[in-house]
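Chemist: Chains as they are written, first to last, in numbering that gives the first Met the number 0: chain Z, 0 to 654; chain F, 0 to 294; chain E, 0 to 250.
Calculated from the structure, these hints are not laboratory results. Hints are not guaranteed to be accurate.
Said to hold, decoys possible - List of simulated lysine-lysine pairs, BS3-like, C-alpha gap at most 27 Å:
#	chain 1	residue 1	chain 2	residue 2
1	F	K261	Z	K606
2	Z	K407	E	K194
3	Z	K383	E	K195
4	Z	K633	F	K102
5	Z	K639	F	K281
6	Z	K383	Z	K403
7	F	K121	E	K215
8	F	K121	Z	K437
9	Z	K639	F	K269
10	F	K254	E	K195
11	E	K194	Z	K458
12	F	K269	Z	K606
13	F	K121	F	K102
14	F	K254	Z	K403
15	F	K269	E	K200
16	E	K99	E	K200
17	Z	K383	F	K269
18	E	K169	F	K91
19	F	K269	Z	K407
20	Z	K633	F	K281
21	Z	K437	F	K269
22	E	K220	Z	K403
23	E	K195	F	K121
24	E	K99	F	K91
The structure displayed is predicted, hence computed values, not measured ones.
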Amino acid sequence: MRVPYWNIDYGFLIDILAIPALAVFLSGLYGHYRKIRKGSERLKTRSDKLPWKFGPVFVRSVLTKGILGTVIYRKFYTGLAHGSVFWGMLVLGLGTTLAFANLIAKVPVFSGSFNRWFMAFGLDLAGVCVLAGLLFFLLRRLFPPDRLVTPRERSGFFPMACLLAVILVTGFLIEGMRIRASAPELGSFVGNFVAGLIPGSDHITSYHRYLWWFHGLLALAFVVYIPYSPMVHMVLAPINTALADPRPGPKMGVIDFSRFDDESGEEMPSMGVAKLADFSRKRLLDFDTCLWCGRCHEVCPAAQTQQPLSPKMVMATLAGFLSANDFTDDSLADAIGVDALFNCTTCAACMEACPVSINQPKAIMKLRQNLAMERSELPELMSKAYNSLEQRRHPFFGTGSGPKDWQKGIDVPIFAPGQTEYLLWVGCAATYDERAQKVARAMVKILSAAGVSFGILSKPRCTGDPAKQIGNEFLFTEIAQENIAEFDELGIQKIITLCPHCFNSFTRHYPELGGHYEVIPHSVLIGELIAARRLVPEKSDESICLHDPCYLARRNHIEDPPRLALEAVGRLVEMPRSKRESFCCGGGGGNYWSESSGVRINQVRAKEALDTNTDVIATACPFCLLMLTDGAKKYTEDQKVFDIAELIAARLNLN
Amino acid sequence: MKTLIIEKIEPKRIGELVTVGRILGETPDLLALGEGEVPGTYPRAYQCPETIAANLVDGVADLIQRDGYQVVLLSATTLGSEIAGRLGARLKAPVLSEVIEVKPDMTVKRPLYGGKAVAEYKIQGNPVILTIRRKYFEPAPLEGTTAAAVFNVESPSVVLLSEEQVQTQGVRLEDAEIIVSGGRGMGSADNFEVLREMAGLLRGAVGASRGAVDEGWASQTMQVGQTGNIVAPAVYFAVGISGASQHLAGIANAKCVVAVNKDEEANIFKRARFGVVCDYHKFIPALIQALREEQ
Amino acid sequence: MKIAVLAKVVPDYEVPAGDFELAGNRAHARYTRMIGLYDENAIETGIQLKEKYGATLGIVSYGQSEDVPILRKAIAMGGDSLHLVLGESDDPYVIASNLKIALEQLQDVDLVLAGQQSADLDRGVVHGVLAEMLGCTFLAQISRIESDQGRWTVCQNHESGSRMLQFSGKAVLSITSSPENVPRIPAVRAIMAAKKKPVEKLQGTDAPPMQVEEVKVEIPKLESVCEFLPFEDMQETSRMLLARLREERYL
Ligand SMILES: Cc1cc2nc3c(=O)[nH]c(=O)nc-3n(C[C@H](O)[C@H](O)[C@H](O)COP(=O)(O)OP(=O)(O)OC[C@H]3O[C@@H](n4cnc5c(N)ncnc54)[C@H](O)[C@@H]3O)c2cc1C
Ligand code: SF4
Ligand code: SF4
């Protein structure tokens, strides 16, 4: 039977020393807490009841993303290494706690097969795992991948990993010395091995004693240092995950502009975010939690096409202001770069990739809102789209089409209150862009063929989503309210959208403004109609590669319905990045109206699709359609990009 | 109809107005502005060195009243628009601007809504002030010169401090038989160089859309369109121009439009006689080379 | 210094030709209404003068009550007050007489700025007529304005260049668009504040119109079928184009 604190006098001192160490640790954490408290309170938290939500805590995500760290394993080796260190340390921590329990309460952990399989074998194995993981991390810090160092690397990981490695190695040495000085222990395969390497010496017990104290003090130092180093993510990451609404997408919410109406108020709240204090606490927690791991940088379409934006850079810059305790400097946008802020396509790829549930696009959009609404600083093309949206209620400035052009030669019913079931919401792109108009025509053909009761508005409208994406919440609210009033008047309850941006706005933002509808994206409806055999398109062996629109797949987790529909007419092929991990077409976030230079996102994506050797590229968003059509022009002169509705409509036998 | 033309000494500008004058009656009289010989022969001609229209109003109004002119013809230019309104108000005369068609019975046409509509008017009052849009009337050949009576401006209120002529290399835009215009699609000011080269080979002039002018890639005097120069070349090359109605308004009388645009759906193709759907970077150098080979 | 800018609310000037239709000789009422393009340049110019010289800036319009929400944009951009003379006439003399009412109400306006032409009737006559009615100087197509010691120095863009002109006293200037006067986007707070600003509405008067009869208004037919040239081999295309242009006697 193993003796606790063998060879150590006053070993309990280390446990007593743990008390001040813990105090410093806690006070460090309190420092984080105090900074984060300086953020503004969330105005609205999600109020609907969820089975896994207790108070503000999303329990399921804490357990999965927070504790199990499920997202980390998307990078297999990093995930493995992280898992080894994390779980290994947990086991070692448990071992230490049990030893302490044995000391004070005589819990019999050092005897029998528990000792052999857990305290000896288990802890040794855990130690090996931790060391192996640390070796991986140390090597990776020495030969870092681009994502860790672009635009800059977070310091503090390397010394902490070294420290931990030393703690582990000394731990094994202590174990080895103890075994060398006593007898081999069943299960302690590392200890026995190390003992074999140690030359016999009279001083072995005193070396053991010194090393034991060294090891113990280092371990305490490690704990003390956690809140002051990037290791604080051990604490912050689960908290951040716990507080992050797990619904996909940045969840921008709406702004209540009546707050700004009262000009007599002492201090005018800013529209959007100009300084750190304007951010909500959750955002500040985001900045504090960010590991600078760069996983977001790696998937960001803007960063990957050498545009100034990198979500990691945004987080790092804001974290810089946070650690400098600079809450009043209103040059955040300039520090990040105005251009960079407008590069964001709001694709949310960064969010999806982030292992610690950070909402990067929301921070970006909040800063953008300030530029758009207070500073009136918009890139030129976006400002034109904005002007057009403001004046004509659609952003397609300079369009060559009238609002009814797309209906030429076909019969399109107008929504009749009380008679029509679905409103077919055409949206701005399919109304004003000649290419996208074909989608609307195809959809009319499909709905008529399937005998769906549908109608359009007599006057075309825009959801206002482009305004929201450009950052002008005010215009968005205005347009949305106009639409809601009209829908109310017509008694509209069910809406078919052609555009995922419209879908997202209707489902996420309109309810907050009082508009509640049953909304179905056209791709989903088509899939349902095919499943119900109300549509029987002809199947061919044409290969179809689906580009998942960010606003469907990633931001609303609609991935399979469009595939089901497409399978009815062809053979699906997939791009390396698909479904939730789809790569943006470049048109989101108002960037349909941007002058991008250099490598263009839509070309990158079009190339990826063409590289699958597909016959056609399908998508389910008019903006994706336009962006990819353009992007594909660089590589092929054939027209290969089509909307899902066009593909189905073309294969309908209407006899 | 007793008609008076007020125009700068520029044969084409005067010639166009003479053509209009002759539709309405005999050869009109002329008040020529600026220095030099007065080209063409007129029953009566006056000459005034002053070119700031604002300073001419009083004298011209007196002249019109004194000599009983029934029609005053101006070109729809800075000069014309600066003086027409004030003269009209002074003389209680109808003013019609940007006229593109004139009939002997005093019906005239002028475009509305950026050329998307054309209105026809019957003029009843008299005198009447008309500003005539450039390039809509064939300039009458001006033969000989006329000795002009001096017309003086008393107490000018506006002083000319400096004048800056924009250098138009070679042929002037409005006289050019061939115009090569670049739009926002050109991408930068430097890229206009290829258009200059091409225009040089064709002995034409370089124009621009407002898109390009707004970007600062071309000077405002190069702008073609409703609010820029109204041109009527035999061939108009539109390179990287989308074809907004206001731009098309400026080339309504171009005989043949050749559009080079990478967007096959660009509106310009609706106006074009020939279209090339491609990046102009590829096409224009090839065209330049073809022109070189011919020489 | 007191500046007034004339602004007219017009139907969408970017309606594509293919979609353009008339109703009662004017653009169909279905088109969105907005402030004329050059009028916005004039407003921007006015705001810049306000910022530079501490002038007050009144926005003056002739039109209907429905135009008010649209005209508020001018206030949001930086105008100080909005004066609308109510009336429906299209005649330049009637319009000018009515605008004069508002300008007289404003008192001692030093400078009246107006877009060089309205974006509907494309006329560019009203401001000259108004200048004559006010008995002041009128200059067309001005792109820059400076005030120095009681005199105005302005830059006029004309067909063959530009020139600097100087004058003193009151004036009406027609403003052309230039890179310096691209209309600003109003900030949201300014838009919200503009919504609350009172608007001065003035009753219009009858004035004798011009003696012309509008016989008819038509939409011209654009007929031109485009022949697309192949773009595989640019050399070949170039030669083909030149040959075709010669064949049809354009070159
Ligand atoms: C009252 C009023 C008056 C106006 N007056 C005028 C006027 O007088 N003159 C005028 O021009 N405009 C005028 N406008 C503006 C007009 O509406 C348009 O905004 C303008 O003409 C657009 O210019 P653009 O065609 O060069 O630019 P864009 O519309 O941006 O078009 C650029 C084109 O270039 C193409 N392109 C891009 N890159 C390439 C490439 N590498 N190779 C080939 N093609 C390429 C694109 O496909 C696109 O079609 C007026 C507007 C108003 C409201
Ligand atoms: S935001 Fe998330 S993914 Fe991006 S660097 Fe920070 S922790 Fe990594
Ligand atoms: S939302 Fe998309 S574009 Fe914006 S920062 Fe994240 S990954 Fe980049």
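Chemist: None of the hints should be skipped; say for each whether it holds.
Modeler: Here is how each hint holds up against the structure:
no. : hint               : result
1   : F/K261 with Z/K606 : holds, 19 Å
2   : Z/K407 with E/K194 : violated, 39 Å
3   : Z/K383 with E/K195 : holds, 26 Å
4   : Z/K633 with F/K102 : violated, 53 Å
5   : Z/K639 with F/K281 : holds, 23 Å
6   : Z/K383 with Z/K403 : holds, 23 Å
7   : F/K121 with E/K215 : holds, 10 Å
8   : F/K121 with Z/K437 : violated, 46 Å
9   : Z/K639 with F/K269 : holds, 25 Å
10  : F/K254 with E/K195 : violated, 53 Å
11  : E/K194 with Z/K458 : holds, 26 Å
12  : F/K269 with Z/K606 : violated, 31 Å
13  : F/K121 with F/K102 : holds, 10 Å
14  : F/K254 with Z/K403 : violated, 31 Å
15  : F/K269 with E/K200 : violated, 44 Å
16  : E/K99 with E/K200  : holds, 14 Å
17  : Z/K383 with F/K269 : holds, 24 Å
18  : E/K169 with F/K91  : holds, 22 Å
19  : F/K269 with Z/K407 : holds, 18 Å
20  : Z/K633 with F/K281 : holds, 13 Å
21  : Z/K437 with F/K269 : holds, 19 Å
22  : E/K220 with Z/K403 : holds, 20 Å
23  : E/K195 with F/K121 : violated, 45 Å
24  : E/K99 with F/K91   : holds, 16 Å
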